[in-house]
Structure formats: structure tokens, C-alpha cells
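Chains as they are written, first to last, in our numbering: chain A, 1 to 338; chain B, 1 to 338; chain C, 1 to 338; chain D, 1 to 338.
Wrong hints could be hidden among the right ones.
The list cannot tell twin chains apart, which means a pair is met if one copy fits it or any two copies do.
[Said to hold, decoys possible] Calculated cross-link-like contacts (lysine-lysine; reagent style DSSO-like; alpha-carbon spacing at most 27 Å):
1. Lys50 <-> Lys138
2. Lys44 <-> Lys217
3. Lys2 <-> Lys109
4. Lys108 <-> Lys252
5. Lys252 <-> Lys50
In case anyone wonders, no lab produced these hints; they're calculated from the structure.
Predicted model, so just to flag it, every value in this text is computed and none were measured.
Protein chains: 4
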Amino acid sequence: MKKAAVVGGSGYTGGELARLLCRHPNVELTAMTSRQLAGTKVSKAHPFLKGFVDISFEEKLSRSDYDVVFTATPHGASMDIVPELISSGAKVIDLSGDYRLKDVDVYKKWYGLDHRDVGNLGKAVYGIPELFSEEIKKADFISNPGCYPTCSILALAPLFSKGLIEERVIIDAKSSTSGAGAEPTKATHHPTCGSSITPYKIGSHRHSPEIQMALEKVAGHDVEVIFSPHLLPVVRGMLCTCYARLGEDMDKEALQNVYNSFYFGKRFIRMTSIPSMASVVGSNFCEIGVEKAGSRNVVVMSAIDNLVKGASGQAIQNCNLMFGFEESAGLDFPGLGV
Amino acid sequence: MKKAAVVGGSGYTGGELARLLCRHPNVELTAMTSRQLAGTKVSKAHPFLKGFVDISFEEKLSRSDYDVVFTATPHGASMDIVPELISSGAKVIDLSGDYRLKDVDVYKKWYGLDHRDVGNLGKAVYGIPELFSEEIKKADFISNPGCYPTCSILALAPLFSKGLIEERVIIDAKSSTSGAGAEPTKATHHPTCGSSITPYKIGSHRHSPEIQMALEKVAGHDVEVIFSPHLLPVVRGMLCTCYARLGEDMDKEALQNVYNSFYFGKRFIRMTSIPSMASVVGSNFCEIGVEKAGSRNVVVMSAIDNLVKGASGQAIQNCNLMFGFEESAGLDFPGLGV
Amino acid sequence: MKKAAVVGGSGYTGGELARLLCRHPNVELTAMTSRQLAGTKVSKAHPFLKGFVDISFEEKLSRSDYDVVFTATPHGASMDIVPELISSGAKVIDLSGDYRLKDVDVYKKWYGLDHRDVGNLGKAVYGIPELFSEEIKKADFISNPGCYPTCSILALAPLFSKGLIEERVIIDAKSSTSGAGAEPTKATHHPTCGSSITPYKIGSHRHSPEIQMALEKVAGHDVEVIFSPHLLPVVRGMLCTCYARLGEDMDKEALQNVYNSFYFGKRFIRMTSIPSMASVVGSNFCEIGVEKAGSRNVVVMSAIDNLVKGASGQAIQNCNLMFGFEESAGLDFPGLGV
Amino acid sequence: MKKAAVVGGSGYTGGELARLLCRHPNVELTAMTSRQLAGTKVSKAHPFLKGFVDISFEEKLSRSDYDVVFTATPHGASMDIVPELISSGAKVIDLSGDYRLKDVDVYKKWYGLDHRDVGNLGKAVYGIPELFSEEIKKADFISNPGCYPTCSILALAPLFSKGLIEERVIIDAKSSTSGAGAEPTKATHHPTCGSSITPYKIGSHRHSPEIQMALEKVAGHDVEVIFSPHLLPVVRGMLCTCYARLGEDMDKEALQNVYNSFYFGKRFIRMTSIPSMASVVGSNFCEIGVEKAGSRNVVVMSAIDNLVKGASGQAIQNCNLMFGFEESAGLDFPGLGV
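Based on the provided sequences and hints, a complete structural model is requested.
Shown next as C-alpha cells:
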């Protein structure tokens, strides 16, 4: 059993890491930190873990012999913690946005911060296992993608990879409210959002450059991303509806073959006609469907659980690859379905 | 046209007062106050009122010649504002909890405050028009009931009034989240409450003594109220399921006759088999249904829009009675239905 | 008072017509028909109308002297009813899809039916008052637009009208479930749709050619519409997120000026930064917001109540124009806001 | 590995059995039947199981050597299937209502059917493992309880078992819509139920005599149950708020001690202050909280996932006991929490 720690465990992704790790066959969760909750039981902050996770929050990690550390710290905090963790010899998987954007100017533009750990920025492997598994297997440090990027990159990567679409793509993304985190805000106040869908940060969300960066890596050329997030009155799950323009027309069947072939053997990709949030919620699966809408227009839909495949599940999938475990270890169960 | 002002207009009940008053045939909304929002347009805080309410928030009322002032201030603040308003000669309708409980010790127990306006406490008429219209018509000062009390008192009053039930009643109440106000909290954070029903303050909610007080007035004897509020994943509306024990058994038809007779001619009471939140939302109606559950057990269900009949609509209904207007003036429209 | 009848009154749009007409100052609802419910009270099918609508359903209209008849019949049924109604001298407003598409081949392609009233097809004026008020004022027969078309055409018309965008537009539309009608289906079964957003009929929804037709009329040239409807877990309301490509770049302020100018004086259009479903629900308003997303890309968002501005409210707005009433007669109230 | 079959696998409980069995360490799902779907893949009806369940539906079981058969057939159908299954030597767990009520007259009254398998009725052990584990361990045939009974019996059993409460109890139950099954109905049509809580069958739901029967067995005396089910706008989960009257007053701490002691060592009972639907959804846990509401009144709240602990999970828990497996085999994971 590998020993794992979670730094910053009071939020939703921390709780989700614990939920998943507590039944992992090869990894044992041995420590979680939280400054505010130091000394209290993890199962006090996350009552659904009572009977599964018996440790208490530490203020900071008290030991330095973890095999793997997940940092579920806020943006801006991770880059102060990661260097020491890497030095300790642990494999590190950072769930924040600190190591996703490789260009420090781009990082500063979107996060409003000077990057304080440029040295490790270059070492961080962007962790989408379906696309970058070879790099991930060799990595000691993973920058775990955001939920919107995971969902939309998986939808569009096959088309860019095969050079089938033009460089401009539109991503109309619909997220559940748990994606906004555990802290109450005006936007996630139930009377505000409970019977509506609300667009926000149209064209100005910080996941936009992250999506662009990854798609450019896959495409090998410039990509223009028009990204429109919306907040759904749903607690878990995410759907992206992506619009692209084919270089040359292809019929729907040919497009579906591209996807079937591209994702052949990928355990957590499920091709379907219409992706279902209910089918993926609770699981690490991503469902993808492809439609044509008139000549040369392709519409790709993708659905994930934002806290699993969009965060903690994918982090564990990366962890599995890094240690040479079965890729689906600890994640091999279906979504709720209903 | 009577001139109306709203003190404390930034919250949901303030917005709702404005929504209803802007189409009232006999009352004109001429001022709203808000300390934080002084100087900004009312329609900035309540964007759905753009085109209907063109005034700006004042820090405090700048004039003293209003015919009626609605105080939608927090508990504890109303009692500092009301005395001067009453002195100004305006009719005052207070939507806070400050003047509902007639006993200052009971008030202190449940609100944690010493009452600072005992003089007016006795003058405040508890404003449920279906029960106390004669007093309301003569009143200059109304204490407007809470949403839970309105919904459950209307459900149980006929049975207590006719002396048909024992003194102990159980009220299992289900409220939408707008009843919790405009301020984001952990309890109303969408990921917390968006897919659940959550009981809270079981046996210890401050609406409990208010319900008891009003039912005792109707019954003419002691009443014991067991009150269990729950938070629904719904934005507007409230349902109360009330359980009482008949002194002597009666069949369902006889019980329904009691209600039909008690509420005969009451514009905003609608007897039905199963009350529907959808039918009352957006309106001042209260739907009531009566069922038997075995011998001597009666179950009374009632549904209202917590912001209309449970707050601002009832305040306007009280206002109508005080000025001798048609009771339904400005309120004579149906709920959304769907 | 003009005398109105509703043919096909058992569904949601029929109920909504009654809800709105019962407080119209110039029009009186005097008859409603329903084959299945003939002889029963309208308020039995629509219990929220009890106390407002006291008539019973007729099997078919028993008189022929109505000033205006609203046909809320299913697609395919309207074209058998409308000719006689027009002959009777009544003004007719058809809420079905039968008279929206002017080309009978296009109609057959999307509705699967031969058109049986080609004579009146040419007379039907497509009723979006903000765009076609001059024609509507002179019309005796209106084809009332669908909800998706209303919401997306209002969003895009100013840009097409001023020749500012390229011909291909993408409309990512999110509808509440009441748009699917009163008949239970697998798609609207709560366990299926209650915690998800579900795309459907991507690129193949019959509102697509209707949107195209209206936008081409506004643009004066060919338009390509990529239309993706989604089903929201919300009962009322609709949001469209529309993507267009500017011919020449313009900044956001200039774009907003285009909208402010285009819709100047239009009572039911409200320009805003982010449209809010909650603000328009219950009302005839359409909220529109415009954003830039990188150079030359414009994102236009629009929100309506699908049953009001998207159906019955707009029908009444058309009726008002036809009779020379105030355009907002019977519709001059704000949305719920919360 | 024991070989399991599911008869009647097209509905929600069938899908849930498959979801749980596909990761059970000691039981293998080898057959599922469905008359309508015979010949199609199980993962076509339950797409979330693609990659986990690879069998196709059979019209009827083609073999007779199953170790255990779960019958997820409708009420009235089970009693025609069960006798043969029992004869085959399989252990049988029936999820329908056919074998829950031991008195055939009571069965006829509530289900409207003559019982056609009285012989096996007496053999069926009512399967709530926390209460009747000794009988279950020895049983070959289990009648699996309904969701409402499971949730409310677990809430009230400790008080009745210890003789602490009077015989009359009130159960105000709130169910998600998946409890109503996979077939669309008016009641579960999203526009009808999506923004409301709806009481139904007050005092006349067929789970009422089942609850009474089980509580009488626990209490050893007559029990009167007043049972009020409500439909929530939630897809999964259930909450019961139960009201009982103490024979002699006890404080809250003493009551909680009763529960802690009664359920000591029970893996799937979690005592808490306020039960959370989110904490139990996706899992086999039941959360229970106890409150006082004035002298001698006790309010017990309980929450379960209606499809897991309320149906398929409990069926597997019973299966585990029958075969001597670890009670939590295949069920040992926490709920989603968020």
C-alpha cells in the first residue's frame, strides 16, 4: 500500500479524494490537512465519511515520507507548498490552477498573481490520462486539470488530433454548483440559482486559456476557444456542448468512427448518442456523443462528474498511472444512473 | 392614491412589496430605504422591477407624510424605527418579528433581545385578515405574521375555533429557500440544499411561540405546538402538513364542511383536495386540504407563496383593510399554476 | 370589451392564456374548448384559475361571434380549424406550428404533414411584435411563434438587421420542461430529467427552420442556423446563448448601443449584462445581454418565460396590436424576480 | 462466487441491483429477465452499466441452478414467479409487496388482489437486517421491505423495542421521484412536480399497514400509524420525520443513548444530529437523528437512499446474511456526500 496525504482537505475535492481513496486497493489515505479544522475529525467536516475515514485534520503534514501527496489547496496557495513536497520525494498531484498554464504571463493575466515556483512549472505534466498517459507514467509531478477543461478537451481532442476541424471552436459549458466550491456566495445562494441557468464570465473564464493550451498541444497548431460557462441548478455533474467546423464534410458515422478509434481501450470514455449526466455522476466516466448540424458543422457533447473525472477521480487515475497500478484501480465502478 | 414607503427594501420581502405595490390601484410606492444601497436605483437591487419602479433607495425616509409605511427591517431593528413612524401619523405595517409576541419575556427568550418599544407592542394587531379582520380594519399598526405561522394557523384555525381538536398539534412544515432571506449562508448554499430536504431547528424555531399564541387566541384555551421546519430545494412556496386529534370522530366530509363554512367568502382561501404549491406561487392565495388518517386523526395541508401570502402580499392585504379598500386590491390575480 | 375564445384549452398554453386574459382590461375570455374535457369546469383542469375563470369547456365553439379566437391546438389540428374561424370574421391567433413555415415543402419535411390550408398560409403574419408590428397591426390572422424562435430571434435580430454578422449562427438553447407540454413522457419523467441537463434533437429540431426563416426576413439574405436545444431541470423559463461572428470587429459598448437603439421604446425588451430567468418568469419580458469573446466573436444571451413571451403572453401582445389596444394591456407587470 | 439472477430487471430497482452486484466480491450477476426487452443488452436499458454488465435480458430464466434470485417484479406478478424459484433450490429475495403483509385479507384490502401463494407467504422473512438478522440468516426466502417502511421502521424501532413510546405515531415521509418507478406518470411529470412538494395518499398508502406490522412485531403490542407520504423534487433519497409521544419524559441525551445502544455495531446505521440525504445517497446507509420538541414529544428523523437501503442495497445485505458473507460485502462504500 502506498501512503497518501491530502493537503487542503476541507473542501469538496478534498472530501471527494477521501471518498475515493478509502476504497482504493493500492493506496491508503494516511493524512489530511486543513488550517481551520486542524485537530478535528475529517468525518466532522465530511460526515458521509464517518466509518470510512478515521483520521483528524493536521495543520500541516507532520511527516515527510508520503508516497503521494494530493494538494487540493486554493489557487495561489499550491505554489508555496508544492516545492517542499516535491523535495521530500513524494509524487505530487496538484488540483489547483497553479501549474496548469505554462506561460507565467498568461498565468498572471488570468490568476492575477506572479508565479513563485517557475522551476517546477516546467516539470508539471498536465494530467489527462486519455491524452497524455505516456508523460504521466514518467512524471513525479502532475498538474491536475480543471473540470471544464477535462470535459471539453476530451470532447474536442479527437477532431483536433486528426486535423479534421478549423481552429475556432465554441464551448457552451453547463456546470453544477459543486464546481463553485464549498464557500457560500451570492451566485450559489439557492434562491438565486435554484430555478435558473445562469451564464457567467462569458469569454473571460480562466479555464479558457487552459483549454486552449491543451487543445493546441493536441492539434499542433493555434486554436481559438470561445468558452461560455453556465451555472445549472444541479449539485453534481457537467455537460459541455462543443461546436466545431469541419475542414471537409464528413458524415456522422465517419465522425463517430474517429472517436471510437481515438478512444479505443480507454476505460473511462463511453461513446453514446446523447451523453447523460445521470450516467456519469458518482463515477470517473466521461460520456461523449457526436452529432452533425448541417453540412460541415459538428456538435460534440460530453458529460462528466465534475468532482470525479473533473477533479479527484482524475487525480487518482493519474496517481494510478504514475505508480504503475491498474489505471482504474479504486475507480472501477459505474455512475448512479438514476 | 395613498402614498406608501418601504423601510428596509433591499431584501426579498422589500422587493416583493415593490413588485406588488407597483400595480396597486390605490397605493403608490413613493420611497424605499436601504442603508447599504442608499443612492442606487431600486431596480439595480431588484432588476426585475426595471420599468416599474423608478425611485432610488434613500438612507432613511426624508419625509414624514406617508400614508402607510411597511417596515421590512430585520428583527431587532424594527422596534427602533416603528415608534417614530407611528408618531408621524402613518399607518405602519411591520414585517419583522418584533411585535408578534405579546409577552416581552417570550420575545426575549426566542429573539435574545430586550424589547425596546413595549408601549407599541400592545397596539400591534396581528395581521391575519381571514381571522382578525375586524381588529385590522380599526388598526393603525399591524404586526405582519411570519410565513410559517400564516400557513399553519390558516390550516388549523377552523378546527380550534370550533373546538373540534385536542390541544396538542404537530406541524411538519416545508419551506422554500427564499424564506431564508437574501443573504448567502451554508444552509442555503446550493450544493448543500439543492438535492435534499433538510430538517432544522426541530422544536426550537422562533415561529413556534407565534403559532401557539395565535392558535390560543383562536381556540380560547392552551395549545401545544410541535413545530418541525424543513428546507426544500425549491425557490418559492411553502407547504405545511398539520396533524391534530379530534375530540370526537367526524368524517372527512363533515370536516370539509367546517372549513368551507369557516372560510366562506374569504377571497384568498381556496379549499382543495391536495394543496398545490404551483397553484399558489406568485399569488396571495392559500390552498387548504383536509384528510382523515384513521379514526379521530385529521391531517390538514396548506400551501402558500411564502413571499406573498407569507409576507408582502398579506401586508398589502392588511393595508387594504386598514384603508377600507377592496381586500384584494392589487392582489387579485391567480398563481402561476405551472 | 372584446370577446375572446380559446380553442384547445386543456394544455399549458391554454391555461396560460386564461391566466393572462382573466385580468385583461379590454378582452374577456368567454369560451374555451377541449374535446376530452367538454362539460367540465376550466378550473378543474387548471385549479389555480378557480375564482378567476368560471366557464366550462365546450366540445367545440358554440357561437360564431367572437372578436378573437386563440387556437392552442396541436400541430396538424390547427389547419383544420382555422379556415372556419377566419370565415366567421374573428381575428385568429394560432399558437401551433401550422402557419409558421411559409413553404409547404419545408412544412412537410419538418412536421411530416401535407398542408391542408395553403390559402391561409400566405395570410398568416408571423407575430413577433418587436420586429413586425406594422404587419401585425393590419393583420386578421397571426401565426404565433414558438418559444425557442422568439427567444433566439430577439437575441439575433439587431445584428442581422444592421448587417453586422456573418450568415452562420449557433444557438445553444436551454428550455424548461413546461415547454414540452402537459403530456408525461420519458424525457420529462422527473427521475430522468430532474438532476440533469439533456441535449436533444441537435441539428434536427423543427424550430430550426422557423428561426432561419425569420432571421432571413430580418437580414435580407441567407442565414445558416445551428440549433441545439437542451432540457433543463426547471419548470418555467428559457435561456438562449447565441454565437455570431462579426463582419468587422466592434467593441462591446458599440454592440450594446446597437441593441439599445434597435429596441428603443420596446416595452418588453430589457437590456442587461446577464439575462436572468428568474427576472422574466411570470412576465412577458425578454432580457438580452451582449458579450464579446475575443476578437469578432459576439455572444448574445436572451431569457424569456417560455409560456408567456414564448407563447400565450406574446399571443395577447399580438392581439393588443391587432385591436389597437395598448401593446402591454393585460401584460403590464414584472416577473417574479425570485 | 455465488450465481445470481434478477427477474424483472428493466426498472430502477433492477438497474440498481446490477449496479451493486457488478462489484460484489462473492456474488456474480449471471442473468436478468425482462419480457419487453428480451434479447437486448442490459446496458441498453441501463446505459450507465456499459462496461460493467455485459449480459442480455432473457424473456424468462433459462436455467435453474442460480444460487440466489432477486425478483424485482411488480406487485401481483411476484407471487406467480416465486413458487417455482423456491422449488428450484435458489434462495429468493422478493422486492415486491407480495409477501410483506402476512394477513391475506390485509393484502387484498391494500393491493386489491387475492393472494395466490399463501403457502410461501408464511415462509417469507421480512428483511430488515438491523432488526431481524437472526431470522434472515436462516431464511431461504426474504420479502424485502419497501423504502418508506425501511426508513420509518429504523427510525422508530428502538423506541418501540424499549417500550418508551405510546402506540400512536405519525410519520411524515418525503420521497424522491425515483421511488415512483421508471414509468412516466402525471405525478412525476417534471412540470407537475419539479418545483413543489406534493402530499399524496395521506392515510391511505399501502406502505402504512407494512410499517404497522413491523412495528407491532418490534413493540409486542398494537401500534397505530398515521403515514403521510410526500413527493419531493429530488431524484434520489428519502427523509422521514417521525413523531412519537414518550410514556415518561426523557431528555435528548438519554434518547440518543437508547439509539446508540440499540444500533451498536450496526454497519449501516449512522447516528447524527440532523440526517442528511446527500450523505446517504448512493450508499446503503441510514442516518438517524433524535430531537425533543417540548416535554414528552420526540421527533426522530431518518434518511436513506430509497433505491439502495430502501430497495436493492438492502436486498443484497439480506443476501449477504443468508449466505454467511460479510454483511457489508459489495456495499462497503460511503454515500456521495455532495
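>> Cα distance capped at 27 Å. Does Lys44 pair with Lys217 within a copy, between copies, both, or neither?
In response: Neither, since 42 Å and 36 Å both go past 27 Å.
>> Please sort Lys252 with Lys50 into within, between, both or neither, judging by C-alpha distance up to 27 Å.
In response: between (48 Å within a copy, 22 Å between copies)
> For the identical chains here, do Lys2 and Lys109 meet the 27 Å Cα criterion within one copy, between copies, both, or neither?
Replying inline: neither (38 Å within a copy, 55 Å between copies)
>> At most 27 Å between alpha carbons: which applies to Lys50 and Lys138, within, between, both or neither?
In response: neither (35 Å within a copy, 31 Å between copies)
> Is it within, between, both, or neither for Lys108 and Lys252, if the alpha carbons may be no more than 27 Å apart?
Replying inline: between (41 Å within a copy, 24 Å between copies)
Comparing the model with each earlier hint shows violations of hints 1, 2, 3; every other hint is respected.
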